[in-house]
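4 protein chains.
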Amino acid sequence: MSSTFGSLFKVTTFGESHSKGVGAVVDGCPSNLSLCEADIQKQLDRRKPGQSRLTTQRKEADQVTILSGVENNLTLGTPIGMIILNQDQRPEDYNHVSEIPRPSHGDYTYQMKYGIRAASGGGRASARETTGRVAAGAVAEIYLSRAFGVEIVAWVSAVGTITAPDPDVQAVSREGVDESLVRCPDFETSVKMVEAIEEVKFEKDSLGGIITCVCRNVPAGWGEPVFDKAEAKLAQAMLSIPAAKGFEIGSGFTGTRMRGSAHNDRFVQKGDRLGTLTNFSGGIQAGITNGEPVVFNVAFKPTATIGTPQDTADFAGNIVSLAGKGRHDPCVLPRAVPIVEAMAAMVLADLALIQETRK
Amino acid sequence: MSSTFGSLFKVTTFGESHSKGVGAVVDGCPSNLSLCEADIQKQLDRRKPGQSRLTTQRKEADQVTILSGVENNLTLGTPIGMIILNQDQRPEDYNHVSEIPRPSHGDYTYQMKYGIRAASGGGRASARETTGRVAAGAVAEIYLSRAFGVEIVAWVSAVGTITAPDPDVQAVSREGVDESLVRCPDFETSVKMVEAIEEVKFEKDSLGGIITCVCRNVPAGWGEPVFDKAEAKLAQAMLSIPAAKGFEIGSGFTGTRMRGSAHNDRFVQKGDRLGTLTNFSGGIQAGITNGEPVVFNVAFKPTATIGTPQDTADFAGNIVSLAGKGRHDPCVLPRAVPIVEAMAAMVLADLALIQETRK
Amino acid sequence: MSSTFGSLFKVTTFGESHSKGVGAVVDGCPSNLSLCEADIQKQLDRRKPGQSRLTTQRKEADQVTILSGVENNLTLGTPIGMIILNQDQRPEDYNHVSEIPRPSHGDYTYQMKYGIRAASGGGRASARETTGRVAAGAVAEIYLSRAFGVEIVAWVSAVGTITAPDPDVQAVSREGVDESLVRCPDFETSVKMVEAIEEVKFEKDSLGGIITCVCRNVPAGWGEPVFDKAEAKLAQAMLSIPAAKGFEIGSGFTGTRMRGSAHNDRFVQKGDRLGTLTNFSGGIQAGITNGEPVVFNVAFKPTATIGTPQDTADFAGNIVSLAGKGRHDPCVLPRAVPIVEAMAAMVLADLALIQETRK
Amino acid sequence: MSSTFGSLFKVTTFGESHSKGVGAVVDGCPSNLSLCEADIQKQLDRRKPGQSRLTTQRKEADQVTILSGVENNLTLGTPIGMIILNQDQRPEDYNHVSEIPRPSHGDYTYQMKYGIRAASGGGRASARETTGRVAAGAVAEIYLSRAFGVEIVAWVSAVGTITAPDPDVQAVSREGVDESLVRCPDFETSVKMVEAIEEVKFEKDSLGGIITCVCRNVPAGWGEPVFDKAEAKLAQAMLSIPAAKGFEIGSGFTGTRMRGSAHNDRFVQKGDRLGTLTNFSGGIQAGITNGEPVVFNVAFKPTATIGTPQDTADFAGNIVSLAGKGRHDPCVLPRAVPIVEAMAAMVLADLALIQETRK
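First to last, the protein sequences are chains A, B, C and D.
Residues in the first sequence are numbered from 1 upward in steps of one, following the numbering used here.
Residues in the second sequence are numbered from 1 upward in steps of one, following the numbering used here.
Residues in the third sequence are numbered from 1 upward in steps of one, following the numbering used here.
Residues in the fourth sequence are numbered from 1 upward in steps of one, following the numbering used here.
A portion of the hints provided could be inaccurate.
[As the list claims (entries may be wrong)] With a Cα cut of at most 20 Å, we get these calculated DMTMM-like pairs of lysine to aspartate or glutamate:
1) A:K20 with C:D39
2) A:K20 with C:E37
3) C:K20 with A:D314
4) D:K270 with C:D186
5) A:K270 with B:D314
6) B:K270 with A:D314
7) A:K20 with C:E71
8) C:K325 with C:D311
9) B:K42 with B:D205
10) A:K20 with A:E60
11) C:K325 with C:E203
12) B:K270 with A:D311
13) D:K20 with D:E60
14) B:K325 with B:E151
15) D:K270 with C:E179
16) C:K192 with C:D178
17) D:K20 with B:E71
18) B:K325 with B:E199
19) C:K270 with D:E99
20) D:K20 with B:D178
21) A:K270 with B:E71
22) C:K270 with D:D314
23) C:K270 with D:D311
24) B:K20 with D:D39
[Claimed, not checked] Chain B is nowhere near these chain C residues, computed Cβ spacing over 12 Å in every case:
25) G50
26) T78
27) R174
28) R257
29) A262
30) R273
31) N279
32) R327
33) R358
Calculated from the structure, these hints are not laboratory results.
A virtual CB, placed ideally from N, CA and C, is assigned to each residue, including glycine.
Take these sequences, add in the hints, and give me the full structure.
Below, the structure is given as structure tokens:
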């Protein structure tokens, strides 16, 4: 287990799908920062289950309590302990899977690694684990926003084969994103996405997709070559999210088909700094932010738990038919949007603090 | 700077393109492992410049010397210090860029971050930095190979718009890969790739592409959820390689277009263990290896340094015409193959050691 | 702030003297370990305030709740989140110190470091912070005990100028230690220590002293030279305890007055292993345990908060008279015994896990 | 093995007593710092063997070469690789100990830990390992000196039973310390110490002692509670030095005998800051520096390798007579002075950088 992320802005999370609670400790958050539970709750509400007809119907208020590190709405510089108690536990939903590892889920690998696994739900492999990340990421965002004016906005850019046109990365906002159930800022596309998700839901199947994220107002200079380059830490952070299968910064895989003469981001004066004419680099060059918007994509596989029966082996090797009965999302992407934002914020807050040592 | 990677199998690298030397310290390598300089040299020779007409003509023997940690060809358990002295330094090749940050290179961001940068070559942002990684990765591979029989093979699967058919991941070998200058194991495709690279070289332009890597015989159980999942550490490792722009495990971005019923890797008995019928997971589920081959892709952008003149701004904001004059590869992929293998080995060796604590 | 300790057995603590709660997250604890709240409560009860007439009268039940990581009394291998809610908060006791930094306390340095400090009590600098350590240490001890039979026993060996004779380090037990209020296993000395503490309490003054700790059944081979030698990590762990001022392993400062011929621990066969005739090394040689009992001393200064008025400067530099009014221990040593044990357990559990990678 | 120290100012060392070389990589050193090999050589010369009749006669020039990270005598912000080649290797001196673990040395524990050990000399357990520390510490000192005016001076305050009077901690200098062979700034005491060392040398025995160190001009605010308190990291750093057995900050073990009313460091205005009337705290309160001089003691045991024959067991358990024949110091303290300074500098540089994030 490695449940701690970051070197200076250090986040530790804990909690399983059906434990008493989940939570996070944020150690290293700068002091004298205005912070209250409502700041954190806002993002938790965007991640919580049951928020729309597209998501799992598990009911969780996901109400955060700050246990330490904040006094009179100001951070003390000491570790910020946060807990969210689990409420809607229905272990019986999951009893039938105990001898059958669910395909493409964590049951088999957790059992092989630890010789034990949570009896109910996905345990630590459940997306419920990400609650703590979102709480911690909200703290990171507040630091980034107040200290540097950083804005982080993620959205669903593809669901299955439906792809949205690129929005204006300078203008896209969380409010705009949240106007659609599916968190895609392009209205027409979002309607198609919703239809597609409802269709697979009806068919007891699932869909994957792509989340795109932009981080604006990131100053030049963040990122620690050679192993903790900004894109490397973002890649680790994103691939640590349940169901994530890919990451690309800037032009990514598409850029591999271009020639250097077309791909190079040529410099040009922008106000009082150098900027680039294009942004195929995605705001990061040689591992260090260059002042342009940081833009990246994250690929999410289709939800592994589906209602459609599948032939698969149980732990003893017998082929059995398995149909998922627990509550689950037919498409995780709408709820994964605040998780991507949270992980981006945790990466940037850590790199920001390290770079501050050079002032 | 963050030049240390890994928690138990810990690699620290140092060195710039035109410093006296580059190297690595491997701390935490298990003791009593048979190791000699020739084991390491083999991979260095696959990375070194000047090995074919497709690569930069900088002449470097890249001869490694082991300074410590090994006695009578056995590792002592103590840190293995390795150095490679730089030989073919031609700082004059680079003098003309001093006031002009090369587009999509590290000149601008290093200057913004550190307030100084190496006067010649790319400094630490040069691919020369990866020499130390390859040396360290070779040590990691020897451990993985001797202790677990792990085999790591990477190859060039795309150059620009030319894509190779998938080889048999169980059979593809380094020998087969090295039969073509471009390190693509499919003969016909490799011929086209070589032609494409020679064409852009003639046109003073450059190409990118994709490297695919398979790690065979990886036991189930490696990977440390939730932040150091196997795919997360691989993603960090790969995105830390110069010019890397994307990473995908298993089905990756393509898998986002599939339905769960098709994407799920159903279990089946394979000999004395459970395996999966398909491997869209790429050998990792919920952050932990499952015993199937680990398979992933890494996207590389086209080389930033090109001979074609480009209009770009100097540090003062004046638009100037810049044409790269240093020695460089028109396509970095053939030489990046051993780097991808080295980083994969470093990740797996570290996760393997951590999992050993559970025996 | 650095509230995380350990590399594989990783403990993160949080909480201030007057926050809603204190707690700890233990990440990396081996799975399938039998663990329940009562195991942890036992050590918390030895640390809690109000347990005798010698200690602060603050009333705290210090009841631990395990939030995650344990199911059916077995550890899952996932992070173990533990909280202890604060109950007896009397911020008014501390209001009078707000403008006057208490001498030899953390008020001044926290203010200088963070530009803010907890308005009431010592905040994170209060010994209340150690609650989380004791909870985490109890988990570490259970692992060490079950996996290796390790026994850790600490006791008060000196209070002020009163020094106890050395007990038999092979026989001294927690039960024996707890027979005296002051946790000194020598009856006669303990009576004198109690008298001395009651005397300074009456005189509104305070005393320091020394705690000695033995760790039995530690196998040879634990400790990670050169920077994480066993004695180095123990030293860090002990000096991180509030009021600790010194650490010595084995012969320590006294041994500096001996000659090598007398100080060397000569080897002798002991059963099926080599042991040493003497143990001036304190069970650790060249940073690695040698199979003999690990024995060390920790020096604690007299409690900084005293009822006796003292002339000191306020933050503005004015000389004022200050007398402590909060509840505090006239001598912290009896309650520090389980803290020393907890920190020793955290160090040994981490070194044990690292060494397990070599099996 | 754990050969890396520090989180932001990160030092990795390598090398054994009889390997080809020893060295260090300093990663995270601030850029644009003036640095040349002569800066580092100065401290290496104070540590090197053969510098006086009191030390081992092994001949090593200990000439440092900077391989990377510095250009035109300015640090680039990239890792500074430094090597010192070993010259005077006489493995034959050590052949006779191969089957007999030297008492109180690392032979036995390294063998138990790694299942192998360096055939000649102490390998990584030799004090030769500290060469890399001194080189890295010299870099740290240059940063501390230039950025903050920090001055670090250590001296021998006791040899065996001979104790020096306290010097003026504000005035004691390296030049003054180096006036005596034994590095004790009190002339009369130093004469006695030299006599005592020559006496044990003649008698083929050895002595231990105490080194005291002061760090001046350390600003208030350095240190990271709760686990990386300034005194905790100093304790770890000092106990990681070969032969170190104890550490005390400020009043240390002596202070345990005082009452709080006498021990408390009362505040008083000093220029434009608050200072303390006394400094029993040793410049650190609640884990954070307070602006007063940081003062601490380190206990060193008598050298384990002595010429006097000793009865001890070989690895097979047979009692044999062993007399050390290698070259060694009868008292390590004079040469340990720059090592203590180096480790202090490494700790402070790391804490300084972390605190800089709060500016």
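To see whether the hints hold, each was checked on the structure:
Our distance criterion of 20 Å between C-alpha atoms is met by K20 of chain A and D39 of chain C, whose separation comes to about 18 Å. Only pairs whose Cα atoms come within 20 Å are accepted, and K20 of chain A paired with E37 of chain C is accepted, the gap being roughly 13 Å. Distance hint between K20 of chain C and D314 of chain A is unfulfilled; the C-alpha atoms sit about 46 Å from each other, more than 20 Å. With a C-alpha separation of about 46 Å, the suggested pairing of K270 of chain D with D186 of chain C is violated against the 20 Å cut-off.
In summary, the hint linking K270 of chain A to D314 of chain B is supported, as the alpha carbons are separated by about 12 Å, within the 20 Å threshold. Under the criterion of a C-alpha separation no larger than 20 Å, the hint pairing K270 of chain B with D314 of chain A is consistent with the structure, at around 13 Å. Between K20 of chain A and E71 of chain C, the direct Cα distance comes to roughly 10 Å. Compliance with the 20 Å bound is thereby established for this hinted pair. About 15 Å separates the Cα atoms of K325 of chain C and D311 of chain C, which keeps this hinted pair within 20 Å; it holds.
Between the alpha carbons of K42 of chain B and D205 of chain B the distance comes to roughly 30 Å, so the proposed pair goes past 20 Å and is violated. For the hint linking K20 of chain A to E60 of chain A, the alpha-carbon distance of about 13 Å falls within 20 Å, and the restraint holds. Our distance criterion of 20 Å between C-alpha atoms is met by K325 of chain C and E203 of chain C, whose separation comes to about 14 Å. The hinted pair formed by K270 of chain B and D311 of chain A meets the criterion: a straight-line CA distance of about 15 Å does not exceed 20 Å.
Distance check on the hinted pair: K20 of chain D and E60 of chain D sit about 12 Å apart at the alpha-carbon level, within 20 Å; holds. For a cut-off of 20 Å, the pair hint linking K325 of chain B to E151 of chain B is broken: about 39 Å separates their Cα positions. For the hint pairing K270 of chain D with E179 of chain C, the CA-to-CA distance comes to about 48 Å; that exceeds 20 Å, so the pair is violated. For a cut-off of 20 Å, the pair hint linking K192 of chain C to D178 of chain C stands: about 16 Å separates their Cα positions.
Taking the CA atoms of K20 of chain D and E71 of chain B, the gap is near 10 Å; set against the 20 Å cutoff, the hint holds. For the hint linking K325 of chain B to E199 of chain B, the alpha-carbon distance of about 18 Å falls within 20 Å, and the restraint holds. Restraint check for K270 of chain C and E99 of chain D: the C-alpha separation of about 18 Å stays at or below 20 Å, so the hint holds. For the hint pairing K20 of chain D with D178 of chain B, the CA-to-CA distance comes to about 34 Å; that exceeds 20 Å, so the pair is violated.
A hinted pair counts as satisfied when its Cα atoms are at most 20 Å apart, and K270 of chain A with E71 of chain B does not qualify at roughly 57 Å. This hinted pair checks out: K270 of chain C and D314 of chain D have alpha carbons roughly 13 Å apart, not beyond 20 Å. As the CA atoms of K270 of chain C and D311 of chain D are separated by approximately 15 Å, the hinted pair is consistent with the 20 Å bound. Only pairs whose Cα atoms come within 20 Å are accepted, and K20 of chain B paired with D39 of chain D is accepted, the gap being roughly 18 Å.
The beta carbon of G50 of chain C sits about 39 Å from the closest Cβ of chain B, which is more than 12 Å, so the claim that it is off the interface holds. For T78 of chain C, the requirement that its beta carbon stay farther than 12 Å from each beta carbon of chain B is not met, with the minimum near 8 Å. Against the 12 Å criterion, R174 of chain C stays outside the reach of chain B, whose nearest CB is about 28 Å from its own CB. Distance check for R257 of chain C against chain B: the nearest CB is about 33 Å away, which clears 12 Å, and the non-interface claim stands.
The claim that A262 of chain C lies off the interface holds: its Cβ sits roughly 31 Å from the closest Cβ of chain B, which is beyond the 12 Å cut-off. The beta carbon of R273 of chain C is kept farther than 12 Å from every beta carbon of chain B, the shortest such distance being approximately 20 Å. With a minimum CB-CB distance of about 25 Å to chain B, N279 of chain C clears the 12 Å threshold, and the non-interface call stands. Remark: the non-interface label on R327 of chain C is consistent with the geometry, its nearest Cβ contact in chain B lying 40 Å away (cut-off 12 Å).
A beta-carbon of chain B comes within 12 Å of the beta-carbon of R358 of chain C; the shortest separation is about 7 Å.
Checked against the numbered hints listed earlier, the structure breaks hints 3, 4, 9, 14, 15, 20, 21, 26 and 33; every other hint is satisfied.
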